Each structure stands twice: as structure tokens, then as C-alpha cells.
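> Each chain is listed here by its residues.
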Amino acid sequence: MINEIEAARNAALAEIAALGDVEAVSTATARLTGKKSALSGLKKGLGALESIDDKKAAGQAINAALAAVNTALDDRRAELNAAALADRVEHERLDLTEFVAAPTRGHAHLVTQAWERLEDLFIGLGFQIAEGPEVETDWHNFEALNMGEGHPARGEFDTLFLDYAPPGGQPGSTLLRTHTSPVQIRTMLAGKPPIYIVAPGRVFRRDTADATHMPVFHQIEGLVVDRHITMADLAGTIEAFTKAFFGSEFTSRLRPYHFPFTEPSAEFDIQRPDGSWIELGGCGMVHPDVLRAGGIDPEEWSGFAFGFGIDRMAKERHGVDDLREMFSNDIRFLEQF
Amino acid sequence: MDVLLSWLNDYGDFGDPADPAAVARVCDALTSLGVEVASVDVVGQTVDGVVAARVLRLEQHPDAAKVQRVYVDAGDGAERHVWCGAFNMAVGDIVPLATLGTEMPNGMTIERRGILGIDSEGMLCSASELGLGDDHSGIHLLPSDTPLGVPYGDALGLTLDALIDVEVIRNRPDTLGYVGIARDLAPALGVEFRPPIPPTPPAGESLSAPVELVDGDRCPRFTSTVISGVVVAPSADWMARRLLAAGMRPISNVVDVSNYVMLELNQPNHAYDLDALGGGGFRVRLAADGETLTTLDGEQRTFTHDDLFICDGDDVPIGVGGVMGGLDSEISESTTTVALEMAWFDPYGVARTVTRANLRSEASTRFERGVDPYGMPLAIARFAELLAETCPDLVVHDGAVDARTEHLPPEQRHTEVRISAVNRVLGTSLAADDLPGLLDPIGYTVTGSGDTRTVALPSWRPDSSGEIDVVEEVARHYGYANLGKRVPQSVVHGSLTDHQQRRRLARQVLLGLGISEAMPNPFLAPDTQQRAGIPGEVISITNPLVAEESVLRTSLRPGLLKAIAFNESHRRAGVALFEVGHVYPPGDGELPDEFESLTVVLAGREAPAAIAVWRELAAALGVGARIDQSRVAAGLHSTRSATLQVGKDAIGAVGEIAPEVLAAFDVEERVAILEVDLDRLLARPAKPSQWKPTSRYPSSDLDLAFVVGDEFSAERVEKAIRQGAGKLLVELTLFDAYRGDRVPPQTRSLAYRLRLQAADRNLTDGDVADVRRSVETVTTKLGVELRS
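Each protein sequence line maps, in turn, to chains U and F. Per our numbering: the first sequence = residues 1 to 337. Per our numbering: the second sequence = residues 1001 to 1788.
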């Protein structure tokens, strides 16, 4: 009996080892371990054995053989599954450089990128973002900024005038704003101090386009009006901006200058780690006349303002050597950034 | 203004011009004072080893026609032979000889090597070879009395000097003169300021050139001084050298002194030959319209009644007031008596003439910015002192005329300055007693005691009038760098507004859809909008640079269409671009009806692509609008476009550009377009989307197809399905639109997939059948046939 069990077991194991795929393993499972299998069939012969011990020994041998067959089936199944998976993975091999890259994302304009970066930085310093119209009145663009009729500084702005005259208004009093400073006036008139704003925006000059000038360009302007604001606050804000925007190894300085709308006025320069200077923009303490034009009492409040070009920041950052390229709307340019 | 440091040192010991560290110190101090240094040039460098030598004899070599043999004596008694390619010297001339071993500025070292086997013991030099100018036509001859063997630089009086190019800021006209710069610089460097103090000239007999101020508002002060004993001759070398360094050609002693006084004291002036001056005096009046005058530069110009003429006593124009003299007013070699004009002109008036006539001069630059209205007496005395150096018999006559009008600014101007105001603006803690030390050295005289002081404002600082102007002077001389740096503690919460945040979101959505951002020029040619099919009035620029950029856009479309055409012409079809920018339709308010538009153009795409962009954008921004195909915006494709309606208002348009517009812009592809008025679109704050629970029970799909007439919108079919299907409908997809043989003409089959799901149970076949029946009821009522 034991011999027969041994033979049936070996036959089953040999058959399992030869199974070629997972489906064959499933069919073989019923045939080799089911009620009609050779090993199960041997159980019927147990009754013919005489001694209890023999019956017991033979029964145990059959069960052990069945267990061995089941294990062999499981192992074979796992083996075949692993081989099939390996085979599939091998067949799915791809050359990952074998494709043509097609751009799918859109590209924000360089000016927008610089603009938003500057906005975020000043938001971090506690500023809000103010905006204003690009077509302005003479009053907001000049008069309220301490440049009355005939002021010589007006000539430096190369203003573009419009044929729009408001009802009952003067012809020639509507213009394309030459700087973002009118937003200062609008902000002061619309609210009360404390004021902490930056005003990014588009500005216009009667200037022939060349590598470093565009008749249409972008500026960002800052205005702070609060109690106890001094020139040290201005210098500190410029310094904080410098370090945040350019890096902690950069520093800044204020240099006396003249603007009609600030006094004392300054230009601010940024010093690179190599010691060289970049002239960046203008700033100063808001002139008392300008505060008054904004409806603010200069004896109670004081403030500072600063401004500089956005386009130039983008130009320098990305090494664009001609500003006109930035506004060509050439997709081959836009896709680079 | 070019400032020669050696000249500036006349007014204070500012620094050794030959010492780079001293020059840098001066430049840094100027910068910190707001006197901007544009550049610094080292001048007066000489080449070591080049000495004066006399030409002993000249010989021609038979085999060398283009050079000659020159024998020179360099003072050591030896006769040296050099080859030379120039022929402009004669025996006895003194020439610069570069001796053997000399390193020339161009890098060449002088060697013995000659030609034809004959050595050359040096080289004779041209002006350009010595860095003295551009002249390389011949050897640079030295003065005939030059001792032999001395360095040529000594012979020419060359010394190392620094030429500092100072940029003059609008409010600092005083820095257009050496004395003004020196006055500002002296306290900053802690040196003593030494202004010129010319002696009062001895009074000669009375002789006047009378002055009549007809238009005194334009010329509030005019002085005329008669000076005789003038001998017109070349200036002294030192003066000629300084003027040359300042970029002015020395002409004669009288003209040179005139220029020198202008550069030194910032007082432009003009000397007339009294004997040639018609009527022997001056008449100052506005020109008549169309009156002409040939100016000093040789051009005949026409003037207007807003230009000021200096006329002679016979009313013949001899100069443009504050700008330029007339050609015929020049003094001549035979002049012996001059009438010296020193005047003060209205800065705005000079500026107008300069702009209108496009005529600029050293004088007009100064008058435009503001000359000291009380600086004439010093300048006249200085003129006489300097001219007397070459005219020993000079007489300044009594009877000088000083004509003034009420338009002359007052001589004494004061302002009160509160020390509290100074400290409040600057953040300093200065005491009132600190003010004199900061202000007196620069001519702001502080008087009084207590916390408020009276400050007399100097007449050469026309920009200074009030307290805040004095605060700026205090800041400059206290030092901007010493004011400290402090970050103000903003009490405001830094943030973007809802509008600004959603505008950024709109950009992000579009970028994510593969659309890039363009920034076309907002200025258009007068007919561009018309070519784009956009009606309506436009605003024009009254002083455009070019006609092609003279009109303000009222739509972003033209700029974007041009961008597509540009890219197509560079073989980039299919570009997708958007712009967020202002447009400027006229209105009837104080300002035009300017608003911010967002426009998307998709080249090579059809209208549904634009609708898809709109859907994404609207969903992201939490906004909605009705697509109304019954109204089509001008310039768009009439059967493939719609307006976006919110209530009765159109806030935008979507569809395709009209074919004739595409043709007008040379665009080859179809262009799908979406444009919205961003200001109105974002006017209402977005409502946050509210959560709808997703069901845990299985869903069932029901496919239904309808035969729909072409004129019948799919939107209505969709609406009917939603109405009929009720709550169980969780997703509705149009998965096919079929036109062809299997449906009647002018109809199409629209096939929808309805995904049905209940929140609380499994669906039964009965549920699905009910939905189908109910949808059919609604669509049948609409007259839409369900295909079986």
C-alpha cells in the first residue's frame, strides 16, 4: 500500500512539474487532488488493511502525499505566474527617449512672472496690491504730484496725450499715464492711512523702441503712509526688498536725487556680492504737497514712496539682451520661459 | 558737466588728481551728496622715455622714397639717427623723440631695428602716437624754446589729472559751475572752501551801454558793463588747457574768459564790441512772429512772439535771450571796447524757446535750470580780473547799467525750520543747534534760537523755498547712509483682493490648458480695428511717434491676430495665446470706459475648442453665463459664434473669428476665440462650490439617441433629458453626433449616455425603464424623436 501511495505521489509530482501554464495547473488540481484522483482512490483500499496501525499509517501517508501534491501545485502556480509576469514586463520594454516632446503647458509672459514675484514679495512684507487706470487725467499724473502747469519736469516724461475730452473738460487734459504714481493719489483719496500698497502697472512714454526702451512698459510703485514713518523706514524697506528679491548677500543704498513728488528724494542702487552697483529706481519721502493732494494732513502722517521698472528685472534675470524680443509674441520666445 | 579735479582744487584742497585713491574719495563724496558721477577719465598721461630733441639735418636715402633720415640732438651732445615717415619738420624744429626701450601706448617697444641695414635710434612721434589726440598726419612739433632732453610732457605742461563727468540733477543748477560743486563738496570732505574773491576793479570814467527792458517778465535783470583797453589775443596757456579739457575750443582771450566765468560761476555772459553795437546799447524784447536771426552756429532761424530777442539800440536783433548770440555779434580782432552782458532770464521761457527752436547751448542749459539772479557783480569782477591778465590796460568803466523788473525773484528768501519736522521726516535725533553746522557751509544761513530756526535760502538754489527743502539739505549733509535702516511694522494685512486672486487663477487655468501669454502693443494703426470688424469710436493719441501706433485699442483681438499671423509666418501654426490687458473704449465720464479684458485665441481650432476653454474657466472661477448664439459679436463668424450673457448684459463672446477678418490679418488658419470683460466677470465674489455626496451604490448607464433638427440646439435636448431623468441622473455625456444617410437631411443624431445612480440603494431594471420613459415623455413634447 505504502508503495502504491509513493508511486501515485511521484507520478502526480512529475505531472505537476511538467505543467506549462496557469490554466493547466487549475485543471490538474482537480484531477490530482479531487475525489477521483489516484491518491484519493487509494483511500478506498484502506478498509482492506488488517491492522489498525497499518490503516493509520497508510491514511497518514495518503494525506501527506496529497498535501505534498497541493504544495507542489501552489508552487508551480506561483512559479508560472512569476514567469508570466516577468515575460510580460520584458515584452513591455520601452526606450524612454523614443518620443517627440510636444509642449503641453502654456507659458506665462516674462513680465507677468516678474510682476507676480514682486507682488508676492511685497505681500510678505505686509503690502496690499493697488491698481489704477492706464488712461489718466493731467491732474492725477502731474498736478497732484507737485508738477503743476508748465513745470519743467513734465518735459522729462515724454507724455502721450489723447484726443479724449471729458464733458466740459479741457482738451489735452487726458493722457496715458507716464508712471504708476497716480495710483498713489487715487489710493490716498479712496481711503485713510495707514496705507501700505504696491501698485504694479503698465505705463507709457513717447519713446522710440530700442533694446532698452519701450514706449509701453511696466513699473511697480510702493507707497507707505503711517504715523512715525521716517526715511530710515524707506531705507529699511528697500533693503528688505533687496535681500528678498536678489538674495541675502546683496545690499542697497540711497543716493540723493530729485523728484518733484518726494522730498528728500533718492535713487536706490543695489550692490552685487562682487561690489558692483545696479541703479534700480527712485524713491523718497512723500512730499507734503502730495500728501495734501491726497487729502492727508502732512503734520499728522508721513510716508515714503518708491518705484522701479518690472521689465528690466525680467530682462536681467533671464539674460534677454533686447527688450523688444520680450514683446514680439513669438511663440519660440514665449516657450523658453 | 566735465570737472577737471586740478581746476576744482582752486577752490579747496580736495585731493591730488594724480592719486587714484584721492580721486575715488572725491567721487564717493560727490555721489553721497547726490552729485552723480557718470565717469572718471585720467587725462594728461605721458609716455615715459619720450624727450625733446632738435632736428640737426635731414637726408633722403636713394632706396627709400617714403621715409627720410633724420639726425637729432636730444641734449646729450650725441647725434642720433632715426628713420621717419613724416616730412613736416624742418632743421631746427623741436620734436618728441621716443628713445630706445620706450614702451608706446599701443604696446610697441622702440627698438634699434631699422631698414636697409641702417639702425634707427628711436622714433619721432605724432600727436596720436602720444595719446594727445587724433592727429597722425605728422610729427607733433614742440614749442621752439623747449630745452633739449626734457620729457615732452613737461614741455607741453601735461600733468596727470582726473576729468570727472558730473550729471547735473534738475534741482541743482549750482552744480553747473565749479564753485557750486566745490561749495557742496568742501564740508563733505572737511576741507576749506575758497571761492574766488576778485578785487573790485578800479573805476574808469563813466561810459554806459544803456538797456531797455521791453518784455521784462522774460528778462527780469540785465546788466551791461563797458570795458575798454581790450587787446584781443590768445589766452594764457593754463586757461586754454582748462577750457580744452572742459571740451571748449580756446578762441581768444575775451571769448575764453567769457566761457571760463560761465564754467566757474555758472553765469553765462556775452561780450559785444561796443563800437559795432548799433545805437550803443541794448533793447530786450519778444520777437515778432516770423522774425529771423542767423545764430552763432551759422543757421538762419525763424522765431515767434514767445521767443526773446536781445537787440541793439537800433532794435536790430543780435541774440536770442539766454540761448545763443547772433552770428554778427561776435567780437573781432580789432575790438578794443566791449559791452559785457550778464543777465537773468525766465527759466520757463528759455525752456520753451529751446524746445520750439530745437536750439541748445551751454547758456540755455544753465538758464533753463536756474542761474543765480544775484551772481552778476561777482561774475563781472571776475571777468575783469581774468581778462586783465592778458590786457594790462583794461579799464572797467563806471556807469554800468543794472536794469531790473519786478519779475526778478527776491534776493532775501527765508523759511522757518522746526527741528521736530527735521527729525520726524529723517528719523534723526538732531538738536536745533546742529543745524548751523550742517547748513551754513552750503550757504543756508541759520539764525535765531529755540526749536524753530529761520533759514535764509541762497539765491543760487531756486528750488529751495520751504521747510521740506531744507530738510533735504540737512539729510544730504548729514549723509543718507547715516540715517539707518528700519523695516516698518505694517499694520496692514498683506494680501491679494478676491479679484486679483481670481485673475491669477484664470491665468493658471489657461496656462494649464496649454495656452501661452502674449503681450501685444495696445497701440494700433487707425484702420486696424476696422479691419478686425470691430465697430465703434476710438481714442487717438494726439502726438504719436508713428501713425501705425496712434490709436488705443478697444479689443485685444487685433493684437492677438497679428501675433498668430507672425507665428504662422515663422512656420508655427496652431499657436494658442491669451492676453489679460486693458482696452480703452471712449465713454462719457472723466475718463474713458477703460476695462480689463481677457482674450484667448486658438489657431487651427474650431469654435467648440473655445467653448471648452470657457467651460473650464467658468467652472474654476465659479462664474456662469448664457451662451447666446442668437447674438453674434461683430467681427466673429456669424454661424459659429455666440455672446456670453449675464442677464441682459453681454460680458463676452465665444466662437470663431470671421473669415474675412482672418483674411484681412493674413491669418491662414481658423481661429477659435473667447473674450470676456474680466472686470464684469469677476465683479461678483465667487460662491464656494458646495459638496455633493458621492453614492456608494452601483450605477447603471442608459444610452439614448435623438434625431434633432439642425436648427434645434443640443442645449435644449440636454435640458429636456435632465428634466426628465430627475434626481437619479448623475452624469450626462454627449458621446456622438451623427449626420449622414441614416438620418433625414438637416437633422443629426445626438447620442447621450446617462449615468444613473441612487444615493441610498441599488437601482433596479424598473428604475432604469422609468427614467427612459420619463425622458421620452419630455423630449416628445419638445418634438424630438427618440431613436430606437
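I should point out that these hints are in silico values taken from the structure, not numbers from a laboratory. Any given hint could turn out to be false.
[Said to hold, decoys possible] Computed spacing ranges between beta-carbons, pair by pair: (1) 1420(F) x 151(U): 47 to 55 angstroms; (2) 274(U) x 1031(F): 32 to 40 angstroms; (3) 1525(F) x 151(U): 52 to 60 angstroms; (4) 1608(F) x 99(U): 26 to 34 angstroms; (5) 18(U) x 1733(F): 24 to 32 angstroms.
[Claimed, not checked] Here are the simulated lysine to any residue pairs, SDA-like style, with alpha carbons at most 20 angstroms apart: (6) 1485(F) x 126(U); (7) 35(U) x 1490(F); (8) 243(U) x 1490(F); (9) 1485(F) x 248(U); (10) 1562(F) x 108(U); (11) 1485(F) x 228(U); (12) 192(U) x 1562(F).
Bear in mind that the values here come from a model prediction, so they are computed numbers and not experimental data. Where a beta carbon is used, it is the ideal one built from N, C-alpha and C, also for glycine.
> Determine for every hint whether it applies to the structure shown.
Hints, verified against the model:
| no. | hint | result |
| --- | --- | --- |
| 1 | 1420(F) x 151(U): 47 to 55 angstroms | 30 angstroms, violated |
| 2 | 274(U) x 1031(F): 32 to 40 angstroms | 18 angstroms, violated |
| 3 | 1525(F) x 151(U): 52 to 60 angstroms | 33 angstroms, violated |
| 4 | 1608(F) x 99(U): 26 to 34 angstroms | 28 angstroms, holds |
| 5 | 18(U) x 1733(F): 24 to 32 angstroms | 51 angstroms, violated |
| 6 | 1485(F) x 126(U) | 17 angstroms, holds |
| 7 | 35(U) x 1490(F) | 87 angstroms, violated |
| 8 | 243(U) x 1490(F) | 18 angstroms, holds |
| 9 | 1485(F) x 248(U) | 15 angstroms, holds |
| 10 | 1562(F) x 108(U) | 19 angstroms, holds |
| 11 | 1485(F) x 228(U) | 14 angstroms, holds |
| 12 | 192(U) x 1562(F) | 44 angstroms, violated |
Going through the hint list in order, the structure does not satisfy hints 1, 2, 3, 5, 7 and 12.
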